[in-house]
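All chains should be modelled from the sequences, with the hints used to inform the complete structure.
Its first residue numbered 74, the sequence shown is counted upward by one per residue in our numbering.
In short, the hints are calculated from the structure, not lab data.
Each residue gets a CB set at the ideal place from its N, CA and C atoms; glycine is no exception.
Possibly wrong hints are sitting among the right ones.
Label-pair ranges, simulated between beta-carbon atoms [as the list claims (entries may be wrong)]: (1) Glu121 <-> Ala100: 30 to 38 Å; (2) Ala120 <-> Pro87: 34 to 42 Å; (3) Asp75 <-> Pro126: 27 to 35 Å.
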Amino acid sequence: PDSRPVVLLEPIDPKRVDVVLRFPCQAGRRVSTSQDILQAFYELALAEGLVTPTRAAARAPKTPPVSTEPVSR
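Structural data, given as C-alpha coordinates:
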(Lines of atoms letter the chains of each structure in order from A and count residues from 1; the text may use other names and numbers.)
(Lines give C-alpha, C1' and ligand atoms only; values in the text may rest on other atoms or scores of the structure.)
Protein backbone atom coordinates (compact mmCIF):
# COMPACT_ATOMS: atom_id res chain seq x y z
CA PRO A 1 0.00 0.00 0.00
CA ASP A 2 1.02 3.57 -0.68
CA SER A 3 1.94 5.55 2.45
CA ARG A 4 1.89 9.01 0.86
CA PRO A 5 -0.77 11.40 2.16
CA VAL A 6 -3.81 11.93 -0.04
CA VAL A 7 -5.67 15.26 -0.10
CA LEU A 8 -9.19 15.14 -1.53
CA LEU A 9 -11.22 18.26 -2.25
CA GLU A 10 -14.98 17.75 -2.02
CA PRO A 11 -17.01 20.70 -3.34
CA ILE A 12 -20.10 21.18 -1.18
CA ASP A 13 -21.46 24.37 -2.77
CA PRO A 14 -19.99 27.40 -4.59
CA LYS A 15 -18.69 28.88 -1.32
CA ARG A 16 -17.53 25.73 0.46
CA VAL A 17 -15.04 22.96 -0.24
CA ASP A 18 -14.27 20.26 2.30
CA VAL A 19 -10.74 18.90 2.51
CA VAL A 20 -10.37 15.21 3.32
CA LEU A 21 -6.95 13.94 4.40
CA ARG A 22 -5.96 10.29 4.31
CA PHE A 23 -2.62 9.33 5.76
CA PRO A 24 -1.04 6.63 7.93
CA CYS A 25 0.00 7.90 11.34
CA GLN A 26 0.32 6.97 14.98
CA ALA A 27 -2.82 7.91 16.92
CA GLY A 28 -0.98 10.36 19.18
CA ARG A 29 0.37 12.34 16.21
CA ARG A 30 -2.77 12.61 14.04
CA VAL A 31 -3.55 16.27 14.80
CA SER A 32 0.00 17.58 14.36
CA THR A 33 0.54 15.46 11.24
CA SER A 34 -2.73 16.60 9.68
CA GLN A 35 -1.76 20.24 10.34
CA ASP A 36 1.65 19.63 8.70
CA ILE A 37 -0.05 18.14 5.62
CA LEU A 38 -2.56 21.01 5.40
CA GLN A 39 0.25 23.57 5.71
CA ALA A 40 2.25 21.93 2.91
CA PHE A 41 -0.88 21.72 0.72
CA TYR A 42 -1.69 25.39 1.42
CA GLU A 43 1.87 26.49 0.58
CA LEU A 44 1.71 24.55 -2.70
CA ALA A 45 -1.68 26.14 -3.52
CA LEU A 46 -0.17 29.59 -2.82
CA ALA A 47 2.83 28.86 -5.04
CA GLU A 48 0.56 27.70 -7.86
CA GLY A 49 -1.65 30.78 -7.53
CA LEU A 50 -4.72 28.74 -6.59
CA VAL A 51 -5.32 30.80 -3.45
CA THR A 52 -4.23 34.22 -2.29
CA PRO A 53 -3.16 34.94 1.30
CA THR A 54 -5.78 37.66 1.80
CA ARG A 55 -8.71 35.68 0.44
CA ALA A 56 -7.67 32.45 2.14
CA ALA A 57 -7.07 34.11 5.52
CA ALA A 58 -10.43 35.87 5.42
CA ARG A 59 -12.31 32.63 4.74
CA ALA A 60 -10.31 30.21 6.83
CA PRO A 61 -11.65 29.30 10.27
CA LYS A 62 -9.41 30.25 13.19
CA THR A 63 -9.00 26.61 14.20
CA PRO A 64 -10.04 24.18 11.47
CA PRO A 65 -11.91 21.10 12.68
CA VAL A 66 -9.75 18.01 12.50
CA SER A 67 -11.19 14.55 12.83
CA THR A 68 -9.02 12.06 14.65
CA GLU A 69 -11.18 9.16 13.48
CA PRO A 70 -9.40 6.73 11.16
CA VAL A 71 -10.78 6.55 7.63
CA SER A 72 -12.19 3.12 6.83
CA ARG A 73 -11.54 1.65 3.41
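Results for each hint:
1. For the pair Glu121 and Ala100, the supplied restraint of 30 to 38 Å holds, since their beta-carbon distance comes to about 32 Å.
2. In this structure the hint that Ala120 and Pro87 lie 34 to 42 Å apart at CB is violated, the actual value being about 25 Å.
3. Distance hint check: the CB atoms of Asp75 and Pro126 are about 31 Å apart, consistent with the given range 27 to 35 Å.
Checked against the numbered hints above, the structure breaks only hint 2 and satisfies the rest.
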